[in-house]
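Those sequence lines, one after another, are chains A and B. Numbering of the first sequence is given in this note's numbering, commencing with residue 4 and proceeding in unit increments. Numbering of the second sequence is given in this note's numbering, commencing with residue 4 and proceeding in unit increments.
Some hints here could point you the wrong way.
Heads up, the list lumps identical chains together, so a pair's fine if it works in one copy or across two of them.
[Unchecked claim] Once the Cα atoms are required to be at most 20 Å apart in a straight line, the calculated EDC-like pairs of lysine to aspartate or glutamate come out as:
hint : residue 1 : residue 2
1    : Lys171    : Glu243
2    : Lys39     : Asp158
3    : Lys181    : Glu243
4    : Lys39     : Glu299
5    : Lys129    : Asp227
6    : Lys129    : Glu268
7    : Lys289    : Asp158
8    : Lys291    : Asp158
9    : Lys198    : Asp25
10   : Lys99     : Asp225
11   : Lys208    : Glu84
These are computed hints drawn from the structure, not numbers from a lab. Being a predicted model, the structure only gives us computed values, none of them experimental.
The residues making up each chain are set out below.
2 protein chains.
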Amino acid sequence: MKTTIVVGIDIGGTNIHIGFTDISGNILKNVTLATKNYPMPDSFVDATVPVILEACQQNNWALAGIGMGAPNGNFYTGAIEFAPNMPWKGIVPLAKMIQNKCHVPAFLTNDANAAAIGEMTFGIAKGMKDFILITLGTGLGSGIIANGKLIYGHDGLAGELGHTIAIKNGRPCGCGRKGCLETYASATGIVTTVKEMIDAGMQGKINKDNISALSIYQAALDNDELALAAFDFTAKILGESLADAVAYTSPEAIIFFGGLVNSGEILLKPLRTHFEINLLKIYQNKVKILQSALPESNAAILGAASLIWNQSQNKN
Amino acid sequence: MKTTIVVGIDIGGTNIHIGFTDISGNILKNVTLATKNYPMPDSFVDATVPVILEACQQNNWALAGIGMGAPNGNFYTGAIEFAPNMPWKGIVPLAKMIQNKCHVPAFLTNDANAAAIGEMTFGIAKGMKDFILITLGTGLGSGIIANGKLIYGHDGLAGELGHTIAIKNGRPCGCGRKGCLETYASATGIVTTVKEMIDAGMQGKINKDNISALSIYQAALDNDELALAAFDFTAKILGESLADAVAYTSPEAIIFFGGLVNSGEILLKPLRTHFEINLLKIYQNKVKILQSALPESNAAILGAASLIWNQSQNKN
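I would like the entire structure built from these sequences, with the hints used as guidance.
Encoded structure:
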């Protein structure tokens, strides 16, 4: 009997990871492509489809479908829409393009939504019906699950917590507005925070000419006061915003994922404190602040594949 | 053949309205009780159940269930929990108490959630799968619908947009925190705004000793500058918060209901302006700002009855 598999594709501006997954969340085979080798989406589809179909044939796999996570991916249209960091410009109806060639269902969503569904299907949110997943990388992405389903909203574009306003008239954001949460709570945000603190006269062990989220983390491990203050400030802004998030969907947990979360408790401990003191009383001491336990290299692929494995998620 | 009906009960601190509804949203019969005559919930149940059962018998109605909307109503527990303005103290498991005596399903939720489900079942949101209902009365209540279902959250307490922070360290709120949206955007909030404006030296036609949401509305109709400025300030704070709300659930519409919304376009026109300029670009010119079209006297009863009519809403 053939093993049923789902292909999960994690599409990024640098690399495209293709993984063949089974129903238990094992990745049976992995292929990585350099995005820059495919300046047009057609060339990517033409290269990828034979890879998928041949692997299935060789391994006696029954392909159930293909799930994709991509920046600015819209689940309803199955298209990547105006992704700033991709070589593919405009609206790229990738799900349809892949489906037409592979003749199996293909779905596409954005990275954070895929991560949320992956976490519910294979990760720490298994069994949860109400939670929020936050990715803290260059920016802040989010996927909101309520009543056991991802919230896509009426246009497929829900869950942009990174673009709620954390500080009115605050830091300029790439979106053209000011004070968005991701300008504070992200790898980029904490670097800005340290720069601002140094400009304000604070001193620490971080080399001003080489500030990165990693160097701030390393200084914090070394108990550097400036680095710890930057983490605390980040945690404060994030904790205040997430206390508001709870008033929307009252989640069982908020689950963190992505580069900046590798700082672990250095971020999460002050975050829990700021989060709790800002919560409306009826929500206090109820909402878990968790770190994803999925191995980072696999999570994006599993998240994308979950779009198929977890088909109850799909819009009726 | 018997006509199938659902009883909707709108429970408030002053009156309790009991309505017998049919599947088209007609209210076939109405009974109003004064809450103060029932100092204990048992006495209310003992008085109400015979009224319901006798009406059904007399009219040859088949009772399908009883839905209730109440302050601090928790859908999951079916209980009114610590409602400050009710004579019934502590946790009152009213749904269970009613169900035990009537032997039909009984559900209970808070007023704003009931209004949201009522709007989806009988009102302007018929056919919508993603919208937010906001009640603007003494406070600000909200019910959030996503994927066609009300968001109750993991504990039944989701949808408290009135207690998201609109202004950090702003006005003191009854919840013990500062700057909650409802301290600005509510009947109470606009009265405070006018008082603050008068204290700051602004002059207008409103009698300082008799400021109410109604007197502010009447002055605004009369083009009073102070009253119009108060509506504009209220619209600005509300528009900023609702722009954030869109980044959560990307609703098709935000629907307003309740006392302060009777000011109609005096509030909604500046609200649309402030809302749009604060939206993230991908959401602009997409989200409708609407006023409920359900007759106010019926809406609370229909909302409560919808808990039964719209049983797909109930938690699986």
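So, going through the hints one by one against the coordinates:
1. Lys171 with Glu243: both (13 Å within a copy, 9 Å between copies)
2. Lys39 with Asp158: Neither: 30 Å inside a chain and 47 Å across chains, both beyond 20 Å.
3. Lys181 with Glu243: Both: 17 Å inside a chain and 12 Å across chains, each within 20 Å.
4. Lys39 with Glu299: neither (23 Å within a copy, 59 Å between copies)
5. Lys129 with Asp227: neither (37 Å within a copy, 57 Å between copies)
6. Lys129 with Glu268: For Lys129 and Glu268, neither the intra-copy (23 Å) nor the inter-copy (46 Å) Cα distance is at most 20 Å.
7. Lys289 with Asp158: between (31 Å within a copy, 9 Å between copies)
8. Lys291 with Asp158: Classified as between: cross-chain Cα gap 13 Å, same-chain 30 Å, threshold 20 Å.
9. Lys198 with Asp25: neither (45 Å within a copy, 64 Å between copies)
10. Lys99 with Asp225: Neither, since 50 Å and 57 Å both go past 20 Å.
11. Lys208 with Glu84: The answer is neither: 42 Å in one copy and 52 Å across copies each exceed 20 Å.
Hint compliance for this structure: hints 2, 4, 5, 6, 9, 10, 11 are broken, all remaining hints hold.
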